Structure formats: structure tokens, C-alpha cells
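So the sequences go chain by chain: A and B.
Take any residue in the first sequence, note its place counting from 1, add 525, and you have its number in my numbering.
Take any residue in the second sequence, note its place counting from 1, add 214, and you have its number in my numbering.
Quick caveat, the hints were computed from the structure, so don't treat them as lab data.
Since we're looking at a predicted model, the values are computed, not measured.
Among the clues, some could well be false.
With a Cα cut of at most 16 Å, we get these calculated EDC-like pairs of lysine to aspartate or glutamate [as the list claims (entries may be wrong)]: (1) B:414 x A:782; (2) B:415 x A:782; (3) B:414 x A:784; (4) B:416 x A:784.
Just the calculated beta-carbon pair ranges, DEER-fashion [said to hold, decoys possible]: (5) A:599 x B:412: 23 to 33 Å; (6) A:587 x B:256: 40 to 50 Å; (7) B:226 x A:544: 51 to 61 Å.
According to the in silico footprint, chain A covers these stretches of chain B (three or more CB under 8 Å from chain A) [claimed, not checked]: (8) 352 to 364; (9) 378 to 388; (10) 401 to 408.
All C-beta atoms, glycine included, are put in the ideal place defined by N, C-alpha and C.
Below are the chains, spelled out letter by letter.
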Amino acid sequence: MNRTGLLYDERYLRHQTGPYHPEVPQRLTAIYFGIQKAGLLPKLTLLSARRAERHWVEMVHERTYIERLEAACRSGAVAFDSPDNQMCAETFETALLAVGGVLEAVERVMSGELDNAFCAVRPPGHHAERSKAMGFCYFNNVAIAARFIQQKGWAERVAIVDIDVHHGNGTQHIFEQDASVFYYSIHQHPSFAFPGTGRDFEIGYEVGQGYTKNTTVLPGMGDDVYGQAMERDLLPAMELFRPEALLVSTGFDAHVDDEMSDISLTSDGYAHVMRQIMGIAARWCGGKVVSVLEGGYNIERLPELARDHVSILLDV
Amino acid sequence: MFVQKSMTRKVITVGPDSRVLEAHDLLQRHHIRHLPVVDSDNILVGIITDRDLRSALPGGLYGKTPASVDTGPYADLTVREIMTPKPVTISPTNTIEDALLLIQRIQVGAFPVVDEAGRLQGILSVRDLLRAFIAVLGIEEPGTLLGILVEEKLGQMKKIVDAITEENISFGSILVARHWEPNMRAVFPYLLTNNVSRVKKKLTALGFRLLDPMEWYMDRIPKVD
Ligand SMILES: [Zn+2]
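Just chain A, same shape as in the assembly (with noise of 0.2 Å):
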């Protein structure tokens, strides 16, 4: 069995998201009581958020970004840079909170204490561009975290793994000219969803070009599209990348059961492909790997989803 960590907390939920909306509290709830009735909790290392430093977040963010976001909550708005990103009050504090807990995972993770972790935080984060809000997430977690991995000097080449049904289009425009974080993401093709990039043409530029990999998934499709595709895009990225840390932006919503997208993997395919990011954790990193949420909106489902997941990386 493996030392995992998870992070969740209460704190999390206080980021509303108004009525209408599929980005709520309630995501968390289900992903922590699956896990819970699972009887997975004693086998795991419960982390709690923290405020993230403002400089890691400046890592990633414009300072003016930060700053903007920061006015708009405190002057209540209800909506940042786009209507999809409704906020309340306690947005910025929760949105630090989530990448500090990030951190704090990837720390544990990184010296050892931990082998692996999973992250249930909330609001997500791979929308987030440098310097814009996009698709419910204001701050880039996973990117965040990739550039604290590297500053803290625990690797060099870091390799993100997304597998939310939609592009994670800032992630991959934060690294797309950086040839030290390799970003590989699967996804319902962007003719067919959000956000309409991560075309498979979509590789990376000047010394980044290569370091960037898009797989395009067709509508109706699922396990078996996705477990060829994970094999023959991003293992021989991979074998060629040689990652020494590595991050998974884990969205759910490719399940055939969430309504965000026309992807149909079922539960156990979202487990053959955490299977398949087990083992390139295992050839490359020394089995380290943290797993951070992105996406993910059936209530019904994100239990079995969750508690798959952890199971997976507790290896029980």
C-alpha cells in the first residue's frame, strides 16, 4: 500500500458559484463522502488547505491579474472576465487556498513523506490563462505547481498529464514555448466542446515545440479510444521526455454519464487510465505523482469516480 495524501477542506466550499451552475460545493461533498464510505479515510493522510504565497502564484499569474481579481471580489461582483465564472466574496481567499494546498501535497510528495496525493480542490484551475479567468478557473493550480516543483529544485522536467474531457488551454499556453514541462492532454475534440482548442496540430512552439501533445477525442467515444490513445500518444512522449515529477489534472467529466461533454468512458475506464499515469509514475518518477481536480459535474457519479481514483493510488 502507498503513503497517500489527501486534501480536502471544508474551506473549499465556500467558493458559491450562484444557482444554475454545475461548479459547486456539492462536487466536493460527493468526491469526500465516496471516498469516506469506501472506508478509505484511515488509509490516508488527510492534508488541509493553506494560503498559497502570493510569489508562487506570481510564477504563473500577471501580478495585475492577481490584483484584479482580488478588487473584484471585494467589490462583490458576481462574475469574473467571463458570465461562466460566477464568484462570491470568498473566491480569491478559496482560489488561494486551492494552491497553497496544492503545494502543500506536491511538498509532502516531492521530500518523500508521501508517495502520491490527491488533491479534491476547488475552484479548478486549467482554464486559467496567465492573465484571464476561463471556464470556472481563476488560478492555474497544476501550472502553479509545475513551476514550484522546478524553483524548489526537487525536478527539472516536470510532465502534465490532463485528462479532463475539456483542453486544459491554460496550462497548455502557460508552457507551450517551454521545453521543461511537457503538457499532454486528451480530450473531446475542440470542433465538439469547450473550449475550442487543443487541436491535434497544437505542439508547442520554438524551443517548446514537441514539449506539447493534444489527443482529439471524437464524440460517442470511450474506454477503448482513450486506452489506445494514452498508449500510443503519451507513453512514447514519455519514454522520449523522461519525466522526473509528474502532475494529472484529473477531471471526471468525460464519464458517459456527465452531461458537460459527448465522451463516454465509464468508471472503469477513468481506472485503466489512472492505471496507465500509475505506471509512468512508477518507470519515471520513482511512482511520485500528484493528482489535482479539475472538472467533473455528476454528483451520482464523482463517488465511485473518487474512490476508484484514490484506490488506485493507494494501489489497494
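Position chain B with the ligand against the provided structure of chain A, taking the given hints into account.
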């Protein structure tokens, strides 16, 4: 949607009495494929394309830097001798739709844009048209495309637009296409949001059928083995 808005204004040109090798050099240096030929009053008299140069110059010269090779008898060849005189042009006040239809009819890669007096104002290439078309589709902004099957009768579009507007969602664009079912149209609103599950339910409740994404635009899904 006027040509004036989408054309390239800064045009590299050449005179009719210039040497062909000079034109060749200009195309190479600026990585362009079309060179309008203008007289001293900026009146368009012709056009030279990379294809014209390829057929006018021997293989040993085309694509090379003139100084590095023996240009022989080609040194004196003038633009006037190989240009296409009086090419098909378009006016700055023509529309992008005009240009799309025209470019489909006559197979060229670019139109010189000239005013009523025949003076060169710009050039409109296939690349410029594509850029304009991408802007029309709105697909460089983040959003989600829906496909809705709609009966061809009055007031349907209003229902769709109202339902979406009530959800406080902005439109990137709306395409309407023919559908293979009789009396049906397929409507494709491009919505600037990630949040479409509620509006999808609403449209279904209003009696609209949401098209399976794999059936969008296609009469038949291509069979993949
Ligand atoms: Zn997503």
C-alpha cells in the same frame, strides 16, 4: 463585411519595366506569392505570381539568390514580358461574400484590390479570406457549439435565441445549414460558454432535437475501420 476591412494594405509591388529577377528576389525575401505590378501612378497593370516565375525561369535559377548563380539571358527579362496583364480585381467596397464566391469561380490565390480609378489599394489573399471567415465563425474565442434540428417554420429561430439569451449566454455566431431530412434545418449556435448542459435541457424541453455531434454537417458518418 467589406473587403477593405480584411485586405492586406501594405503591399509589395513591382514596376512593369523591372527585371523579373528583381521580382523573384522580392517574392523570396518577403515570403509572398503574389506581386501586383503597378505603374508610376500606382495604377495596377498586372500581377506576377510565384507560378509565373517558376515557368519563366529555368530550374537552376528559380528559388536561388540571383547573385549566387549565372543568370545568363534571363538578367534582362522584364516583368511586363511574363506578367498576367489586367488580372481579375476586386473593389474595397466589395464584400467578403463577393470575394468568396468569386474566388471559387476563378481559380486564383489573391485579388488585387483597386479603387475606381484603378489604383492599387491592397491585396486580398486566400489567407485573408480564411482569417475573415474564422472571425465570422468566432471559433478563436472559447466556446461550445450546439447542433439543433429545427423545422422550417416561422418563429423557430426566435425560440432558440430567446432560450439561450435567458440563460445569459453570449453568441459567438449562428450557422444555419440544410439538413438531409425534408423541411428541416440544422442550426449551429456557437456559444461563448462552457456551461451548456442547462440550456441543452431547456431546448429539449421546448421540443427541439439536439443533433448528435457525429451527425453535424454530414450526410453520413464516414466509416472508420
Ligand atoms: Zn472539464
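Going down the list of hints, with the structure as the test:
1. B:414 x A:782: The hint holds at about 15 Å.
2. B:415 x A:782: holds (14 Å)
3. B:414 x A:784: Answer holds: residue 414 of chain B to residue 784 of chain A is near 9 Å, not above 16 Å.
4. B:416 x A:784: holds (13 Å)
5. A:599 x B:412: 23 to 33 Å: At 29 Å between Cβs, range holds.
6. A:587 x B:256: 40 to 50 Å: holds (45 Å)
7. B:226 x A:544: 51 to 61 Å: holds (57 Å)
8. 352 to 364: Holds: 7 residues of the segment 352 to 364 of chain B have a Cβ under 8 Å from chain A.
9. 378 to 388: holds (count 4)
10. 401 to 408: holds (count 3)
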